[in-house]
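Novice: Line by line, the protein sequences are chains B and D.
Heads up: the first sequence begins at 56 in this note's numbering, then just goes up one per residue.
Heads up: the second sequence begins at 9 in this note's numbering, then just goes up one per residue.
Quick caveat, the hints were computed from the structure, so don't treat them as lab data.
Glycine included, each C-beta is placed from N, C-alpha and C at the ideal position.
Misleading hints may appear alongside valid ones.
[Unchecked claim] Computed far set for chain D versus chain B, every beta-carbon distance over 10 Å:
1) 87
2) 90
3) 104
4) 105
5) 165
6) 241
7) 339
8) 354
9) 419
10) 478
11) 488
12) 505
13) 540
[Claimed, not checked] Below are the DMTMM-like pairs computed for lysine to aspartate or glutamate, each with C-alpha atoms no more than 20 Å apart in a straight line:
14) 326/D / 342/D
15) 490/D / 466/D
16) 207/B / 292/D
17) 262/D / 292/D
18) 217/D / 199/D
19) 329/B / 218/D
20) 569/D / 199/D
21) 329/B / 424/D
22) 573/D / 195/D
23) 495/D / 471/D
24) 495/D / 424/D
25) 262/D / 302/D
26) 329/B / 199/D
27) 207/B / 556/D
28) 495/D / 302/D
[Stated by the list, open to error] Residues from chain B that face chain D, not an exhaustive set, calculated with beta carbons under 10 Å:
29) 87
30) 143
31) 231
32) 244
33) 286
34) 289
35) 304
36) 325
37) 328
38) 332
39) 343
40) 348
For reference, the chains in residue letters:
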Amino acid sequence: MPSIDETLGQYSELFILLAAMAYTVAFIAFCWDLATSSKTIRSVESRLAREQSEQKVLAGAGAGTSATGSAGKAGAGASVETADEAMVYTKERRVAARIGVAITIVAALVHAAGVISRAIAAHRVPWGNMYEFCTTGGLVVAVVFLVVLTRKDVRFLGSFVIGLVVIMLCAAAIGFPTPVAHLVPALQSYWLIIHVSIAVIASALFTLTFAMSVLQLLQANREARARAGQPERMGFLRLVPSALSLENFAYRVNAIAFVLWTFTLMAGAIWAEKAWGRYWGWDTKEVWTFVIWVVYAGYLHARATRGWTGTRAAWLSIVGYLCVVFNFTIVNVFFSGLHSYSGIQ
Amino acid sequence: MSETPKTPETPASDAPQTPGVEQAGPAGKADAARGWGPAKKDKMPSAKNDVALPALGFVGTLRWIWTQLTSMRTALFLLLLLAVAAVPGSLFPQRPANPAVVTQYLTDNPETGPWLDRFQLFDVYSSVWFSAIYLLLFISLIGCVVPRAIQHWKAMRSQPPRTPRRLSRLPEYGSMALPSSLEVTRESAVDDAARLLKRRGYRVEVRGKDGAMPSVGAERGFLKEIGNLVFHVSLIGVLVSVAVGGLFGYRGQKIIVEGESFVNTLVGYDNFSPGSNFHEDQLEPYSLQLDSFDVVFDRESDTHYGQPLDFTAVLTTKESPEAEPEQQTLKVNEPLSIGGTSVYLVGNGYAPVVTIRDGDGNIALQGPVVSVPNDGAYTSTMVIKVPDAQPEQLGFVGFFLPTAVEGSDGVAVGSDPDPFNPRLYLNGYYGDLGLDEGDPKNVYVLDTSTLTSMSDGEDEAGEFSLGAYESYELPNGLGSVKFDGLKRYVALDIDHDPGQAGALVFSTLAIIGLSASLFIGRRRVWVRAGTHEDGRTMVEWGLLARGEDPRLEGESAALRKLFEKEWLANQDQQADNNKSAVGVKNS
Ligand code: HEM
Chain B
56 MPSIDETLGQ
66 YSELFILLAA
76 MAYTVAFIAF
86 CWDLATSSKT
96 IRSVESRLAR
106 EQSEQKVLAG
116 AGAGTSATGS
126 AGKAGAGASV
136 ETADEAMVYT
146 KERRVAARIG
156 VAITIVAALV
166 HAAGVISRAI
176 AAHRVPWGNM
186 YEFCTTGGLV
196 VAVVFLVVLT
206 RKDVRFLGSF
216 VIGLVVIMLC
226 AAAIGFPTPV
236 AHLVPALQSY
246 WLIIHVSIAV
256 IASALFTLTF
266 AMSVLQLLQA
276 NREARARAGQ
286 PERMGFLRLV
296 PSALSLENFA
306 YRVNAIAFVL
316 WTFTLMAGAI
326 WAEKAWGRYW
336 GWDTKEVWTF
346 VIWVVYAGYL
356 HARATRGWTG
366 TRAAWLSIVG
376 YLCVVFNFTI
386 VNVFFSGLHS
396 YSGIQ
Chain D
9 MSETPKTPET
19 PASDAPQTPG
29 VEQAGPAGKA
39 DAARGWGPAK
49 KDKMPSAKND
59 VALPALGFVG
69 TLRWIWTQLT
79 SMRTALFLLL
89 LLAVAAVPGS
99 LFPQRPANPA
109 VVTQYLTDNP
119 ETGPWLDRFQ
129 LFDVYSSVWF
139 SAIYLLLFIS
149 LIGCVVPRAI
159 QHWKAMRSQP
169 PRTPRRLSRL
179 PEYGSMALPS
189 SLEVTRESAV
199 DDAARLLKRR
209 GYRVEVRGKD
219 GAMPSVGAER
229 GFLKEIGNLV
239 FHVSLIGVLV
249 SVAVGGLFGY
259 RGQKIIVEGE
269 SFVNTLVGYD
279 NFSPGSNFHE
289 DQLEPYSLQL
299 DSFDVVFDRE
309 SDTHYGQPLD
319 FTAVLTTKES
329 PEAEPEQQTL
339 KVNEPLSIGG
349 TSVYLVGNGY
359 APVVTIRDGD
369 GNIALQGPVV
379 SVPNDGAYTS
389 TMVIKVPDAQ
399 PEQLGFVGFF
409 LPTAVEGSDG
419 VAVGSDPDPF
429 NPRLYLNGYY
439 GDLGLDEGDP
449 KNVYVLDTST
459 LTSMSDGEDE
469 AGEFSLGAYE
479 SYELPNGLGS
489 VKFDGLKRYV
499 ALDIDHDPGQ
509 AGALVFSTLA
519 IIGLSASLFI
529 GRRRVWVRAG
539 THEDGRTMVE
549 WGLLARGEDP
559 RLEGESAALR
569 KLFEKEWLAN
579 QDQQADNNKS
589 AVGVKNS
């Protein structure tokens, strides 16, 4: 077995810290974007609304002209204007969001350097303990986010997603610090590569849909308030697509993530058969993986069940994600079981 | 179940209904209840199943129950219930996995423990309530799948539905006009369209060829539905496979010390759990001998010094008593297949070799005694029972340290997993070991209640420690103990599971079916052609998807491209007509 390169391991930890700091800056930029953009939108709207009401006075009860049509509707509270449903980029300049994306790219590069150098230092895949799951998982979340950004304008998710990445990196550095080391015999299997990598990707996708489902609930609430003619409270939601398109987008991503999770479950069972002699034994980790699977199966069913689409489905998606987090943190740290690979002494 | 034929007793359809599509024509209307068209939420009056129960009679009631059980809402409810019901199994120790921990829990919680036991919280996954949930779920599943399969069978054998009157009402719509100079008649246009759609994997039917508005109906994506059915049926297959494993399988544990061997017979096992239909002659009498067991610990890392890196057992195996012996290695994650079983390396430890003489001076016990490691430094607990000792039976409890280091307070601790300074620390007892009553006793626990300690009061002569090759004279002429050597042992799990292959096949089918169901688009396309007064041929088409289909728009665009290529490609030759065909996209 080749020796561990401990110096490189230390550099890796440094890269991760630097990446965490850069992500924090990106996070602030995204928050700033939400705050300022919604303020700009609001001031433009109130101006348009004023103009429109003046026009109304002039034109009697006539409808708004085409120039002020859409904003006028929002100003009148008849319908809620939201960001583009298709989530395509518009010409509008959002400086803060651009800064956020740029810094996220830099942070992801440093982050990738950290993860890769750790892998080189250990001569193996960098997902053998909690520290490594968090750092590698965070990288996957960030990269998936950036990849989606090339096709859709989901910058409104930036503060949520990058905020979660910051939390993951802090959890790794503060909660589960583990120096580089070889794997114990139980983990020396190619199933580690397959099972855990797919689990990490699935979790990253669930992270994205979690953020979307939370926004969906907020947006649905805002839409309901607007329909009821109440004033709006969370202006930043104007940058966010409508609850329905959030739901549809989250559904598509959840469907992919669910297939990957099913695969994780199966690969885990095959590995368990190889390592422990039974493919299923209701070990705590297995129980929670199963619970997560069933909750998301429920989510997919909910989407085909009348009365369960929309808000209720979003709640199931959120509960599913909370189970993912629980499975990763509480179960790994506090529950004893065969999966005691957290690396925490 | 979204496709169950609606009986009058069925109060409400569970399918997402699509009011927007209902005006699309007779086809759309008929299909709206089956999930065709994009899901529209919250537009529906939330029709609860709170219809007053009419007097249904016995059969009617059964039917009503069946309809309820196989409704999508019940399936959802049972799924969520299953998720919740699985959780307690991770909170409380479970008998099948950890019987000793459960016993300990019951001793520690005499008040609540028995109550938890009454509700089967220590056997969650075989409990009445857990089983009830999943059995109901699977019954519901069968009730869903069967009618759905029949429905789909019919759908697959029928022609695509009638062309809606107004294609522009469909979620995706496109049209183009072909200048008369192209000489594409409305008949040839629908024929071309049918051919192109067929090549794209659609099932097509041309209708009204003689009329003024001939059209093509096309449908594709039957695999989506088949995938869904395969997925759900495979889940039943997985469940059955698990049950088969539980009925006909067996599983046992065996500890083998270096140099010793094991024969696959009932008496050969330390522990044996047969499935309920197990028969003893299922066991094939192969044998395993542990030649050596090699371990590698990390000697380079500062932070993980002494962490295990590799365990390798070298075994001599014989398929049957007469077979040729063969040498094989067994590692963690690399089980051995022999005689219909799989053999797994699940643990290892030290077996110090001791010689114990009794009060009469005879050797009452000689050989390796298995110790149970408790930590990474192999600090191992030991129990030695000497039932053959005369005149008094002897017993010892204590621990073994491969590398003993005495701290400043005089307490010895283990500091390394390799045997650099092996020491035994024992407390002696004598009296009746209670082994003669015949009820099985745990070999790793010494019940000292019927024994007398060799140390009493001031005299601690019964507590002693031994280094390698040292011996100790027990007090009061009870005998002596000698530490002669050290061997390693392996703990093996031996498992025969006839359901395993089935479980693998069905879960693989499940994941394939699932992917087909989620990612294949089920779509219908209609193309209609007509002739404009000025002689141009007008072609229009509309698309409808089953459920959510984000790629429907792309499909429409792809069709437009295909049509343009088919009809307008040679337009360049007719320079003057160029550009006169304009595609109108109506959204
Ligand atoms: C063992 C329990 C079950 C599990 C784990 C499960 C899982 C799933 C999953 C993951 C999907 C989404 C993928 C797909 O569309 O094929 C799905 C869809 C579906 N399930 Fe189940 N299911 C179960 C039981 C049932 C039962 C009891 C019913 C009937 C009441 C049912 C009816 C359906 C239907 C109709 C769909 C298609 C929904 C659509 O058209 O989008 N399932 N199921």
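Novice: Each hint should be assessed against the structure and marked as holding or not.
Specialist: Status of each hint after checking the structure:
1. The Cβ of residue 87/D does not lie farther than 10 Å from every Cβ of chain B; its closest approach is about 4 Å, which violates its non-interface assignment.
2. The Cβ of residue 90/D sits about 5 Å from the closest Cβ of chain B, inside the 10 Å cut-off, so the non-interface label is violated.
3. The Cβ of residue 104/D sits about 8 Å from the closest Cβ of chain B, inside the 10 Å cut-off, so the non-interface label is violated.
4. For residue 105/D, the condition that its CB be more than 10 Å from all CB atoms of chain B is violated, with the nearest at approximately 6 Å.
5. Against chain B, the non-interface label of residue 165/D holds: every CB pair exceeds 10 Å, the least being about 24 Å.
6. With 10 Å as the threshold on Cβ separation, the claim that residue 241/D sits away from chain B holds: the shortest Cβ distance comes to roughly 15 Å.
7. Listed as outside the interface, residue 339/D is inconsistent with that label: its C-beta sits roughly 7 Å from the nearest C-beta of chain B, within the 10 Å cut-off.
8. The beta carbon of residue 354/D is not kept farther than 10 Å from every beta carbon of chain B, the shortest such distance being approximately 6 Å.
9. With a closest Cβ-Cβ approach of about 21 Å to chain B, residue 419/D is found to remain outside the 10 Å limit, as its non-interface label requires.
10. For residue 478/D, the non-interface assignment is confirmed: its Cβ lies about 33 Å from the closest Cβ of chain B, beyond the 10 Å cut-off.
11. Annotated as non-interface, residue 488/D keeps its C-beta farther than 10 Å from every C-beta of chain B; the closest such distance is 39 Å.
12. Listed as outside the interface, residue 505/D is inconsistent with that label: its C-beta sits roughly 7 Å from the nearest C-beta of chain B, within the 10 Å cut-off.
13. Taking the minimum C-beta to C-beta distance to chain B, about 31 Å, the non-interface status of residue 540/D holds against the 10 Å cut.
14. Distance check on the hinted pair: residue 326/D and residue 342/D sit about 19 Å apart at the alpha-carbon level, within 20 Å; holds.
15. Our distance criterion of 20 Å between C-alpha atoms is broken by residue 490/D and residue 466/D, whose separation comes to about 25 Å.
16. Distance check on the hinted pair: residue 207/B and residue 292/D sit about 61 Å apart at the alpha-carbon level, beyond 20 Å; violated.
17. Distance restraint check for residue 262/D and residue 292/D: the Cα-Cα separation of roughly 16 Å lies within the 20 Å cut-off, and the hinted pair is therefore satisfied.
18. Distance restraint check for residue 217/D and residue 199/D: the Cα-Cα separation of roughly 9 Å lies within the 20 Å cut-off, and the hinted pair is therefore satisfied.
19. The suggested pairing of residue 329/B with residue 218/D is violated, with an alpha-carbon distance near 67 Å, which exceeds 20 Å.
20. For the suggested pair residue 569/D and residue 199/D, the alpha carbons sit about 17 Å apart, so the restraint of at most 20 Å is met.
21. For the given pair, residue 329/B sits about 29 Å from residue 424/D by alpha-carbon distance, which is inconsistent with the 20 Å threshold.
22. Our distance criterion of 20 Å between C-alpha atoms is met by residue 573/D and residue 195/D, whose separation comes to about 18 Å.
23. Under the criterion of a C-alpha separation no larger than 20 Å, the hint pairing residue 495/D with residue 471/D is inconsistent with the structure, at around 24 Å.
24. Between the alpha carbons of residue 495/D and residue 424/D the distance comes to roughly 16 Å, so the proposed pair stays at or under 20 Å and holds.
25. At roughly 18 Å between alpha-carbon atoms, residue 262/D and residue 302/D fall within 20 Å of each other, so this suggested pair holds.
26. Taken as a hint, the residue 329/B and residue 199/D pair is broken in the structure, with Cα atoms around 57 Å apart against an allowance of 20 Å.
27. Proposed proximity of residue 207/B and residue 556/D is supported: the alpha carbons are some 19 Å apart, at most 20 Å.
28. As the CA atoms of residue 495/D and residue 302/D are separated by approximately 11 Å, the hinted pair is consistent with the 20 Å bound.
29. Among the interface hints, the one on residue 87/B is violated; its C-beta lies about 32 Å from the nearest C-beta in chain D, farther than the 10 Å criterion.
30. Given the 10 Å rule on beta carbons, the hint for residue 143/B is violated: about 12 Å separates it from the nearest Cβ of chain D.
31. With a cut of 10 Å, the hint placing residue 231/B at the interface with chain D is violated, because the nearest CB-to-CB distance is about 14 Å.
32. Look at residue 244/B: its Cβ gets to within about 4 Å of chain D, closer than 10 Å, so that hint holds up.
33. With its C-beta approaching chain D no nearer than about 22 Å, residue 286/B sits outside the 10 Å limit, and its interface hint is violated.
34. The restraint placing residue 289/B at the interface with chain D is violated, with a minimum CB-CB distance near 20 Å, outside the 10 Å limit.
35. Proximity of residue 304/B to chain D holds as hinted, the smallest CB-CB distance being about 8 Å (cut-off 10 Å).
36. A cut of 10 Å between beta carbons decides the hint on residue 325/B: the least distance to chain D is about 7 Å, and the hint holds.
37. For residue 328/B, the shortest C-beta to C-beta distance to chain D is roughly 7 Å, which falls under 10 Å, so the interface hint holds.
38. The criterion of a C-beta within 10 Å of any C-beta in chain D is met by residue 332/B, whose closest approach is roughly 4 Å, and the hint holds.
39. Taking 10 Å as the C-beta contact cut-off toward chain D, the hint placing residue 343/B at the interface holds, the least distance being around 6 Å.
40. Nearest Cβ of chain D to the Cβ of residue 348/B: about 9 Å, under the 10 Å cut. The hint holds.
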